[in-house]
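My request is simple: use the sequences and hints to build the entire structure.
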Amino acid sequence: MTKLSIRAAADEGSLGALLARFERRVAAMPPGTCPVVAQAALLETAAAQTCGKCVPCRDGLPQAAALLRAIAECRATVEDFEHLRALAVLARDASDCAIGFEAGEALLESFERYADEYAQHLERYRCTAGMGQTVPCETDCPAHVNVPAYLALAGQGDCAGAVAMVRKDNPFPTACAYVCEHPCEGRCRRQLIDAPLNIRGIKRYAVEQCPATQAPLPVAAPASGRRIAVVGGGPSGLTCAYFAALMGHEVHVFERRRALGGMMRYGIPAYRLPRERLDDDLEALVSAGAIEVSLEHEVDAAEMERLAAEFDAVYVAIGAHGGKTLRLENEKAAGVMSAVELLGAIGDDVYPDFTDKRVVVVGGGNVAMDCARTAVRCGGEVTVVYRRRLEDMTALAEEVEAAIAEGVEMLPLQAPEALEVDETGAVRALVTRPQMPGPVRGGRPTPVDADKPTQVIEADVVLIAVGQDILSDPFAVFGMAVERCRFKADDFLLAEGFDNVFVGGDCQTGPATVIKAIAAGKVAARNIDDYLGYGHTLDCPAAVPVADIVDRTPRGRVAATERPARQRKHDFAAVEEPFTHEEAVQECGRCLRCDVNGCGNVEGGRVQYA
Numbered sequence: 330m331t332k333l334s335i336r337a338a339a340d341e342g343s344l345g346a347l348l349a350r351f352e353r354r355v356a357a358m359p360p361g362t363c364p365v366v367a368q369a370a371l372l373e374t375a376a377a378q379t380c381g382k383c384v385p386c387r388d389g390l391p392q393a394a395a396l397l398r399a400i401a402e403c404r405a406t407v408e409d410f411e412h413l414r415a416l417a418v419l420a421r422d423a424s425d426c427a428i429g430f431e432a433g434e435a436l437l438e439s440f441e442r443y444a445d446e447y448a449q450h451l452e453r454y455r456c457t458a459g460m461g462q463t464v465p466c467e468t469d470c471p472a473h474v475n476v477p478a479y480l481a482l483a484g485q486g487d488c489a490g491a492v493a494m495v496r497k498d499n500p501f502p503t504a505c506a507y508v509c510e511h512p513c514e515g516r517c518r519r520q521l522i523d524a525p526l527n528i529r530g531i532k533r534y535a536v537e538q539c540p541a542t543q544a545p546l547p548v549a550a551p552a553s554g555r556r557i558a559v560v561g562g563g564p565s566g567l568t569c570a571y572f573a574a575l576m577g578h579e580v581h582v583f584e585r586r587r588a589l590g591g592m593m594r595y596g597i598p599a600y601r602l603p604r605e606r607l608d609d610d611l612e613a614l615v616s617a618g619a620i621e622v623s624l625e626h627e628v629d630a631a632e633m634e635r636l637a638a639e640f641d642a643v644y645v646a647i648g649a650h651g652g653k654t655l656r657l658e659n660e661k662a663a664g665v666m667s668a669v670e671l672l673g674a675i676g677d678d679v680y681p682d683f684t685d686k687r688v689v690v691v692g693g694g695n696v697a698m699d700c701a702r703t704a705v706r707c708g709g710e711v712t713v714v715y716r717r718r719l720e721d722m723t724a725l726a727e728e729v730e731a732a733i734a735e736g737v738e739m740l741p742l743q744a745p746e747a748l749e750v751d752e753t754g755a756v757r758a759l760v761t762r763p764q765m766p767g768p769v770r771g772g773r774p775t776p777v778d779a780d781k782p783t784q785v786i787e788a789d790v791v792l793i794a795v796g797q798d799i800l801s802d803p804f805a806v807f808g809m810a811v812e813r814c815r816f817k818a819d820d821f822l823l824a825e826g827f828d829n830v831f832v833g834g835d836c837q838t839g840p841a842t843v844i845k846a847i848a849a850g851k852v853a854a855r856n857i858d859d860y861l862g863y864g865h866t867l868d869c870p871a872a873v874p875v876a877d878i879v880d881r882t883p884r885g886r887v888a889a890t891e892r893p894a895r896q897r898k899h900d901f902a903a904v905e906e907p908f909t910h911e912e913a914v915q916e917c918g919r920c921l922r923c924d925v926n927g928c929g930n931v932e933g934g935r936v937q938y939a
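Positions 330 to 939 (the working numbering) are the ones given, in order, by the sequence shown.
Please note that a few of the clues may not be correct.
Stated by the list, open to error - Straight-line Cα separation of at most 30 Å, DSS-like style, residue types lysine-lysine; simulated pairs:
no., residue 1, residue 2
1, Lys817, Lys845
2, Lys781, Lys661
3, Lys781, Lys653
Unchecked claim - Each pair of labels, with its calculated beta carbon distance range:
no., residue 1, residue 2, range
4, Glu621, Lys817, 50 to 56 Å
5, Ala448, Ile878, 42 to 48 Å
6, Ile878, Ala367, 27 to 33 Å
7, Arg453, Ser616, 48 to 54 Å
8, Tyr454, Asp877, 50 to 56 Å
9, Asp388, Phe821, 48 to 54 Å
10, Gly918, Ser343, 29 to 35 Å
11, Glu911, Ala631, 55 to 61 Å
12, Val931, Gln485, 23 to 29 Å
13, Met460, Leu333, 49 to 55 Å
What the hints contain is simulated information worked out from the structure, not anything from laboratory work. Please read all numbers here as calculations on a predicted model, not as lab measurements. Backbone N, C-alpha and C define an ideal beta-carbon position, used for all residues, glycine too.
Structural data, given as structure tokens:
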């Protein structure tokens with residue numbers, strides 16, 4: 330027998346480090362990168378992976394990579410493209426292993442997905458208009474907040490300036506410091522060195538040091554004499570009201586509930602967003618200009634007729650405050666309620682008592698996690714039932730982990746099939762059908778029935794958190810175009826069929842995030858201002874700091890700590906703890922100031938809408 334060596338396994342360690350670096354570079358792919366160029370890099374990587382056994386992969390992929398590189402560099406013909414397509418089909422259909430056939434499949438898919446971009450390269454020898462690298466954090470923030478500027482201000486200790494800089498584009502610095510899903514961190518260029526900046530954590534530090542009520546507000550423009558009605562007092566409607574008021578317009582906000590805030594108050598529990606901190610943002614916002622608020626004011630079709638006639642413009646941002654159902658028998662039984670119903674009641678300080686009750690939450694999104702963690706705090710023994718795998722949950726991973734730490738039991742791959750009730754008509758159990766992962770559709774495996782017996786999960790309370798509906802019927806009666814409960818509008822948020830009615834936020838896109846709703850309100854305010862014949866620009870009380878020499882020393886990302894689960898699960902106090910001064914300074918110091926370095930200095934490299 331020959332001797333065995335462990336050398337090969339040891340050598341894989343160095344390759345693993347190289348591949349980890351490669352992964353970081355892919356993760357930090359700058360927004361605005363030409364998809365043809367990115368596809369060429371992917372194909373060249375595939376060609377480098379070939380083992381050389383089969384001809385379509387060994388010879389075909391390098392040829393295809395050379396042709397695709399020629400297309401990317403605008404020096405190829407339509408005939409070259411057809412040759413490339415033939416090579417892709419050959420690689421997909423005739424390669425022995427996934428290295429070849431997946432490369433061919435990916436290339437063919439890119440032809441369909443980026444058809445316009447390929448045509449531009451082949452026919453006009455250029456990228457499509459507007460293609461070009463941009464600053465990742467600013468571009469990926471839906472509201473295009475000047476992230477590097479407020480990080481620099483916070484790092485210098487000017488937290489009032491940091492809050493003011495955020496508020497130039499987003500009037501909810503506090504709310505977003507607590508609950509934003511921080512898409513700005515996704516392609517942070519710092520991960521090429523170590524890890525993305527904790528941008529939301531720095532914002533939280535800034536609002537802790539300088540509450541929104543103490544940060545300076547921009548000076549409002551002189552009164553224009555124009556009146557704008559905003560229907561809905563949530564993040565989108567109030568953002569529109571804020572910017573429109575700063576532009577000098579008179580704004581009237583009509584909110585059907587007892588308090589402002591929308592789903593920030595009636596959908597996000599206080600342990601994630603303390604009510605007093607939300608009120609900081611609201612107090613500052615309504616003081617920004619001529620904003621009048623009418624609470625508990627229901628807007629129906631007749632009221633919309635009046636608003637559209639009496640006001641110069643109307644912005645409808647009613648959110649998505651209806652709860653979807655499972656369409657099961659006994660869904661109206663006592664003990665069965667929607668997530669929207671539960672969280673909405675808590676928004677008005679009506680807390681249920683689930684002491685010693687078995688609570689089953691159906692769903693796998695952030696709302697389901699909010700319901701589960703809320704039910705724990707109300708004394709319940711909580712189980713989450715989800716028809717897909719845990720890794721397929723749409724909830725943030727940290728929310729799922731936090732729920733598990735607080736004692737929530739997760740039952741994945743279980744689809745609700747029936748609700749059992751007792752002799753009094755109250756729910757007593759949820760019956761589920763076991764599932765298994767099936768074909769991938771939309772990026773996730775579709776669950777299919779597994780050959781296993783049904784399960785009976787005893788329950789005193791069943792909370793349905795499978796989605797939200799938009800209460801659009803009164804507005805449809807008024808004449809607004811609706812498709813699948815969502816309002817139809819053009820790219821500028823003008824409602825279909827109207828010239829002075831705009832719509833935005835969850836009621837137009839479907840349920841999304843707070844920052845996306847804020848972005849819609851900002852766009853609506855700008856476009857209403859344009860519709861009224863103005864072109865206001867807004868002041869910012871803070872200046873962008875001069876960039877220091879960046880620190881390229883690899884450092885660990887500062888992560889926000891949380892109160893121990895065994896303590897926090899008994900109350901609704903804030904779970905997350907803010908940064909210390911030292912943590913904030915170190916984290917701010919990791920910023921590479923992409924706003925003034927690299928593409929930030931290139932014309933078009935900044936996405937800023939004042």
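Now the hints, each set against the structure:
1. Lys817 / Lys845: holds, 17 Å
2. Lys781 / Lys661: Holds. Lys781 to Lys661 sits at ~28 Å (cutoff 30 Å).
3. Lys781 / Lys653: Status holds; Cα separation ~28 Å.
4. Glu621 / Lys817: 50 to 56 Å: For Glu621 and Lys817 the Cβ distance comes to about 29 Å; the hint is violated.
5. Ala448 / Ile878: 42 to 48 Å: Holds: the Cβ-Cβ distance is about 44 Å, inside 42 to 48 Å.
6. Ile878 / Ala367: 27 to 33 Å: holds, 31 Å
7. Arg453 / Ser616: 48 to 54 Å: For Ser616 against Arg453, whose Cβ atoms are near 51 Å apart, the range 48 to 54 Å holds.
8. Tyr454 / Asp877: 50 to 56 Å: Violated, since Tyr454 and Asp877 (Cβ atoms, about 41 Å apart) do not stay within the stated range.
9. Asp388 / Phe821: 48 to 54 Å: This hint holds: roughly 51 Å between Cβ atoms.
10. Gly918 / Ser343: 29 to 35 Å: At roughly 31 Å between Cβ atoms, Ser343 and Gly918 fall inside 29 to 35 Å, so the hint holds.
11. Glu911 / Ala631: 55 to 61 Å: Taking Cβ atoms as reference, Glu911 and Ala631 lie about 59 Å apart, which means the hint holds.
12. Val931 / Gln485: 23 to 29 Å: Hint holds: Cβ distance 26 Å, inside 23 to 29 Å.
13. Met460 / Leu333: 49 to 55 Å: Hint holds: Cβ distance 53 Å, inside 49 to 55 Å.
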